[in-house]
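J.: Sequence:
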Amino acid sequence: MQLTILGCSAAYPRSEGACSGYLVEEGATKLLVDCGNGVFSNLQRVVALRDVTHIVISHIHPDHFLDLIPYRYALSRPVHQTLRPRLHLPPGGIEGLLKAVSSFNTSPTFFSDLFWIKEYDP
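Taking the numbering used here, the leading residue of the sequence shown gets 108, the next gets one more, and so forth.
Calculated directly from the structure, the hints in this document are not laboratory data.
Do not take every clue at face value.
Pairwise CB distance ranges (calculated) [what the hints assert, rightly or not]:
hint, residue 1, residue 2, range
1, P229, K206, 18 to 26 Å
2, Y227, P185, 28 to 36 Å
3, S209, T136, 29 to 37 Å
4, R157, S219, 18 to 26 Å
As the structure is a prediction and not an experimental result, all values here were calculated from the model.
We treat Cβ as the ideally placed atom computed from N, Cα and C, and that holds for glycine.
Work out the full structure, taking the sequences as your base and the hints as a guide.
T.: Right, here's the structure in full:
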């Protein structure tokens, strides 16, 4: 098993840093734990998007999920349209994510069009 720290800053990324994000790799399984500000860019430096199988968001604070937005837009590009990583969210996570993007997108399927989404029990 391999752990790559993609970011560990709290609340805001420091210079050349990123908020919470950790990649856990075991065989063909590539698990991204949290996807805070700056994590998506760092993720692409170490693994191909097509290889990420699961994403777990620990809680719905921006420093733990904000880079799901650019991740979602990347998945909408034709080159990535066959990808649909499994996105595991805490209770109320789907509603929280949709509120976060409501100023620019009101589609209830904004995330579920491109991720398989499941809310987990705490």
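J.: Hints first: check each against the structure and report whether it holds.
T.: Hints, one by one, checked against the model:
A C-beta distance of roughly 20 Å is found between P229 and K206, which places it inside the suggested range of 18 to 26 Å. Between Y227 and P185 the beta carbons are some 31 Å apart, a value that agrees with the proposed interval 28 to 36 Å. Roughly 33 Å separates the CB atoms of S209 and T136, a value that falls within the hinted 29 to 37 Å. In this structure the hint that R157 and S219 lie 18 to 26 Å apart at CB holds, the actual value being about 19 Å.
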